[in-house]
Each structure stands twice: as structure tokens, then as C-alpha cells.
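K.L.:
Each chain, written out:
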Amino acid sequence: MFQSRNPLSWRQLLLVVCLLSATTVSILAERATVQVAAAADLVYCLDELTATFHRQQPTIELKLTSGSSGNFLTQIEQGAPFDVFLSADIGYPKQLVAEGLAPADSLFVYAHGKIVLWTTKPDAVPVVQGLNILADSQRVVTIAIANPDHAPYGRAAKAALEKAGLWTAVQSRLVLGENIAQTAQFVQAGNVDCGIVALSLLLGPKLKGVGTYQVIDPNLYPPLEQAVVLTRSGETNAAARTYLDFLRSQTARQIFDRYGFTIPASGP
Amino acid sequence: MNPDFLEALALTLRLAGVTTLLLLVAGLPLAHWLNRFHGWLGIGLEAVLGLPLVLPPTVLGYYLLVAFAPNQILGTVWHQLFRSSLAFSFPGLVLGSFIYSLPFAVQPFQTALRGVSRSILEAGAMEATRRQVFVFIHLPLAWRGVLLGATLAFAHTIGEFGVVLMIGGNIPGKTRTASIALFDEVQKLNYPEANQYAIALLLVATALLACSVALSRRTG
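Chains P and U supply the protein sequences, listed in that same order. At position 196 of the first sequence the residue is numbered 196 (my numbering), and the sequence of numbers has no breaks. At position 209 of the second sequence the residue is numbered 1209 (my numbering), and the sequence of numbers has no breaks.
Because the hints were derived from the structure by calculation, they are not lab data. Since we're looking at a predicted model, the values are computed, not measured. You may find that some hints are simply not true.
[To be verified] Per the computed footprint, the stretches of chain U lying under chain P, defined by three or more beta-carbons under 8 Å from a beta-carbon of chain P, are: (1) 1062-1076; (2) 1114-1128; (3) 1164-1174; (4) 1177-1188.
[Said to hold, decoys possible] To give a feel for the contact side, a few chain P residues facing chain U, derived at Cβ under 7 Å: (5) V43; (6) T52; (7) T65; (8) Q185.
Cβ coordinates follow ideal geometry from the N, Cα and C atoms, glycine included.
Next comes chain P alone, as it looks inside the complex (with noise of 0.2 Å):
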């Protein structure tokens, strides 16, 4: 392939391979596509939500990211495509819209979370006794929160143990899930002895029945106020908009509630 006669031949290629993807950028970019970030909570939720608004909006195509919401949030102000922007907490949109990044119109509740104990091991285990169960160090050797510096599930969790008086007690035995879907991961795995996960991902098709789990007294921690904001790129997508008003529907409100969500009571 060195064997041709004309050594300008390389800089064509170059010249070939840069359009070939530039190319490849727009025809994507002019779909008629929405880019979603999601909070980890949401994945099991997301699913069936999705497929009731493809069945709704069948030309509209949805481009899901599952995360961590502090990191989208790191990940928007850095310029990354989302056009709607769902967070497990209220302040990282609210952060955005404050910082000019996204349409304070946009931005509403969607739902409550709600964070639970949970264990696949409720035998030596018993999360039904509640929190304090975890201060036993000999049966609990290790629990997963997720990561409390950028994803709420894990800021909740951190505040209702802080809240229980067993923080300085268990510091040492947390495993730190990156987002709330891997913490889930962890516990479903066996890896850890239980895990404080949140409540929506339990009900999804994948753990329901799967181990034993607890809720976790609401007035432990601040509420996990779920807001869901456009971006300033998803302020142009008109299905952007579509999708967003998906989301204040009956039928969407409907989902979140067989998730364990507590929707708001001031809907649309």
C-alpha cells in the first residue's frame, strides 16, 4: 500500500478521512433525535417509559446516557450534546439554569425518589430491623452507597446515616458505587453485604423479588427532589420539547408511580 506513485497520496487520505467523519457528525446530528441524560435511579423506568412514547412519537428517536447526575451536570457545562437533562435532584438543573445553560421555563419535578436498605443476603442481614442493623460490624462487613460527592442517591444515603448517628461508624466499611445503578450492581452481586439503593431500581423488571429490602424513614434525609431540565441545545429540538411535555403527561406520572416514585402534587 507505500507502492504508489504519487507521495501527495497520503495527504488525500488524511483529506478523505477527515470529511468521511465530519460527514458522519452531521448526518447524525440531523436526525430527528433527542439526547437524553438520565440519572442512573431512572434506568429501569427509563425502558418503559421509552417504549410508551416510541409507540406516542414513533419518528422521534431517543439517545439514552445513564449516569451519575453530578457528572452530567460536569458534562453540560463542558459542552456535552444532551438535549434534556433528567437529575435525581433539583439543584444540578437548577445549577445549569443559573449558570445560562438551560431554559429556566424548562425546568419541573417530575418526581420524589425514595432510598431503601437492601440486601440479597437477609439471612445474615436482616434489613427489616432497620438502619441500626448496619452498626453490627461482624455481620456487616461492607455496604454500598453511591459515590455522595456528585450522585444525590449516594447524598441521601450519607444524610440519613449521618441523620441515624451511625456515619462515623460505617465510614469505613462503604463501598462507593460510581452512580446508583452500579452501587445496585454491587449488592445484586453479592459483593457487599447490603447497599442503599434507590427504591425505583427494586421495582424494574430486572431486581424485582430479588433479595429483601427496607425503606428508609423519608424524614432521614433531605427529599430527593427529581427535576428535569432542556439544555440550551435541546431549547432548539423541537422534539426535544415533545418529549419533555411526554414527561408532565398522565401516562408518564402513571410509570413513574409503579417505579415508587411520589409524584408532585402541582402537575400541569
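Using the hints, position chain U against chain P.
P.N.:
Showing chain U alone in chain P's frame:
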């Protein structure tokens, strides 16, 4: 087959292909040029270019992320030219992979180019310009090592995780490569899907390594 799987696989192959082509275009002249340096300068240059061999990918990912920011030179120039962000984009991944896989291509290139007998090249130099000697005599004689470098760079790009995780943002069809998709599926507890990615990556890696072993045995 599941369309997400095919999309991630196609993206991974596209990333590895584009990166390898760019490494051939830029890496071969670079390897040739490095071979002319001796002493401390040569050692220093090779050490800097070889850094991705030992550096945690997150270090490279971090610096790239900083450099891609709209208030930095690279980020600003790219934005002026293409009206888009380098972070969380395919071109950004190509740049990251290019740097990350550079030593995997350039080091075999250097060895291969050094292995060509000087007397043949000197004989050629009587009739042709330096560039002509490089393109028409030197490179064809070193083809096995060139192919070895390209194969290793391709394989290494496919196996990339840390850099892509930091600068990619896991966007389907744009930056969600197979290794990232595998990570993602495990988090969602979709083990059959994760398994699909794992097997595909294992097979591709084995095949590519077999090629490189065959090539290096003969050059060796």
C-alpha cells in the same frame, strides 16, 4: 442482532480504523525522524512519546478534558473551526486515541525502519531524493514492522477504556464504544448483553494478537 450492540461495535471499529490510519500517516515520518536522533535528545523524545505505555489513562483523559474546554486554546480553535465541542465527540475520541496508541505504533515502526540495511538505502540515495527513498525503498522493505505497529495500535484503540470514559461521555452512536457499553450493561444488570460485548472484544483481541505475534516472529 441487537442494534445497540452493532452500533457500539461499528463505532469501535471506526474509531480504531481512523486512529490507525492517522497513526500510519503521522507515525511513520515521526518514527523515521526519531531514528535520526541519538544521545540524550533521542532518549528524552522517546520517553515523552512512550508515556502512554505506563501512564494511567485517567491522567491523559484529565489533561485532554482540560485542553478541550472552551476557554483553552485547543477548545477555542476547534470551536471556531467546527462550531462544536471536542469533549464528548467522536473527533475528540480520535485525538485521545491517537495520543494513547501512539507508542504502540511508533515503537514497532522505529524498530522496523532501523532494521533495513543502510547499504540498500545508500544505494537508493544515489538515484532518488530522500523522500523517494523513504516512500519507495525504505517503507516497502520494512512492511512487516509497519503492519505490526498498525495492528498493535488498532488493537490497543479497541481495548481503550479509561480515556474514552473520561472524554467520551458514553453517548450512543457517538462515543459509546464497546468497552464502555460493556461497563454500562453490567451496571444495568444486563449480563447477557454484557457477555455479548465481552465475547466480541475477546475474539477481536485474540485475532489481532495472533496477527501481531505472527508478524513479530518473522521480523524478529
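K.L.:
I'd like to know which numbered hints this structure contradicts. Please list them from smallest to largest.
P.N.:
Numbers 2, 6, in rising order.
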